[in-house]
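2 protein chains.
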Amino acid sequence: MFTEHLKAIMDGVDGAIACSVMGFDGISVETLPKDLPESAVELDLQAAWVEFANLMSQAKAAAETLKTGKVAEVSINSEKVITLLRMVNQDYFLVLGLLPTGNYGKARYVMRITAPRVAKEL
Amino acid sequence: MFTEHLKAIMDGVDGAIACSVMGFDGISVETLPKDLPESAVELDLQAAWVEFANLMSQAKAAAETLKTGKVAEVSINSEKVITLLRMVNQDYFLVLGLLPTGNYGKARYVMRITAPRVAKEL
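For the record, the sequence lines run as chains E and C. The first sequence runs 15 to 136 under this note's numbering. The second sequence runs 15 to 136 under this note's numbering.
Incorrect hints may appear among the rest.
Remember, identical chains collapse to one label, so a pair may be satisfied in a single copy or spanning two.
Unchecked claim - Within a straight-line C-alpha distance of at most 30 Å, the following computed DSSO-like cross-link-like pairs (lysine-lysine) qualify:
| id | residue 1 | residue 2 |
| --- | --- | --- |
| 1 | K48 | K81 |
| 2 | K84 | K134 |
| 3 | K134 | K94 |
| 4 | K134 | K74 |
| 5 | K74 | K94 |
| 6 | K48 | K21 |
| 7 | K84 | K94 |
| 8 | K21 | K84 |
| 9 | K120 | K81 |
| 10 | K81 | K94 |
| 11 | K120 | K84 |
| 12 | K81 | K21 |
| 13 | K94 | K120 |
| 14 | K48 | K134 |
| 15 | K74 | K84 |
| 16 | K74 | K120 |
Think of the hints as simulated: they come from the structure by calculation, not from any bench.
Use the sequences and the hints to build the structure in full.
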């Protein structure tokens with residue numbers, strides 16, 4: 015059921031490497047593609063996502079004491095990959111690994127419209 | 015000397031609220047505007063930046079054990095403000111608070127070209 019939403023992200027975004035519905039405990043509920051491409055394996059995206067899940071969890075917690083409001087999206091741009099994280103609900107988020115040459119604007123847009131659809135299924 | 019670079023960011027980006035050169039210890043080297051606008055005071059941007067400096071510091075440290083490469087940019091988008099953080103060097107970064115309706119693409123561009131100019135002055 016999450017698969018179609020993740021597929022919509024992968025198909026809609028040029029340069030998308032892999033995407034996932036993850037819990038803030040760093041455990042993936044569903045990841046696409048099933049067989050990660052070589053680029054994702056080389057970059058060890060899953061290890062990165064566990065770290066970034068931890069950071070997003072802290073950003074979420076920090077936001078409760080800050081006046082800037084709830085955190086909706088975090089983006090971490092490193093040399094070899096852009097990582098977009100989008101809040102789904104209190105417990106889950108969407109994460110997308112994107113090539114630095116990928117379509118970042120489209121990625122943000124597609125993640126924004128997909129998050130509420132995923133939320134309905136949780 | 016940092017002022018002109020910060021001014022270039024503020025002038026170049028629609029929706030910019032305030033920007034700063036900060037150390038990873040959370041201490042601001044220089045912030046513009048000198049008299050923070052009411053929006054920045056209401057949102058308590060300085061408190062948010064200290065928290066986000068801490069997160070960026072952790073992202074930088076995590077990157078050393080990850081295969082995704084050095085972190086160049088982090089963006090934390092919350093309900094009331096978009097925060098863009100751009101690495102300057104090992105010790106310092108640029109931070110910009112932007113209205114959610116502000117020009118995010120332009121902000122990323124201006125931060126990217128300004129960071130190396132600030133680095134030369136440090």
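Comparing the hints with the structure gives:
{"no.": "1", "hint": "K48 with K81", "verdict": "between (40 Å within a copy, 21 Å between copies)"}
{"no.": "2", "hint": "K84 with K134", "verdict": "within (19 Å within a copy, 36 Å between copies)"}
{"no.": "3", "hint": "K134 with K94", "verdict": "between (33 Å within a copy, 25 Å between copies)"}
{"no.": "4", "hint": "K134 with K74", "verdict": "within (21 Å within a copy, 34 Å between copies)"}
{"no.": "5", "hint": "K74 with K94", "verdict": "both (25 Å within a copy, 14 Å between copies)"}
{"no.": "6", "hint": "K48 with K21", "verdict": "within (11 Å within a copy, 48 Å between copies)"}
{"no.": "7", "hint": "K84 with K94", "verdict": "both (29 Å within a copy, 8 Å between copies)"}
{"no.": "8", "hint": "K21 with K84", "verdict": "both (27 Å within a copy, 29 Å between copies)"}
{"no.": "9", "hint": "K120 with K81", "verdict": "both (29 Å within a copy, 25 Å between copies)"}
{"no.": "10", "hint": "K81 with K94", "verdict": "between (33 Å within a copy, 8 Å between copies)"}
{"no.": "11", "hint": "K120 with K84", "verdict": "both (23 Å within a copy, 24 Å between copies)"}
{"no.": "12", "hint": "K81 with K21", "verdict": "between (36 Å within a copy, 25 Å between copies)"}
{"no.": "13", "hint": "K94 with K120", "verdict": "both (19 Å within a copy, 22 Å between copies)"}
{"no.": "14", "hint": "K48 with K134", "verdict": "within (23 Å within a copy, 45 Å between copies)"}
{"no.": "15", "hint": "K74 with K84", "verdict": "both (7 Å within a copy, 23 Å between copies)"}
{"no.": "16", "hint": "K74 with K120", "verdict": "both (24 Å within a copy, 26 Å between copies)"}
Of the numbered hints stated above, none is contradicted by the structure.
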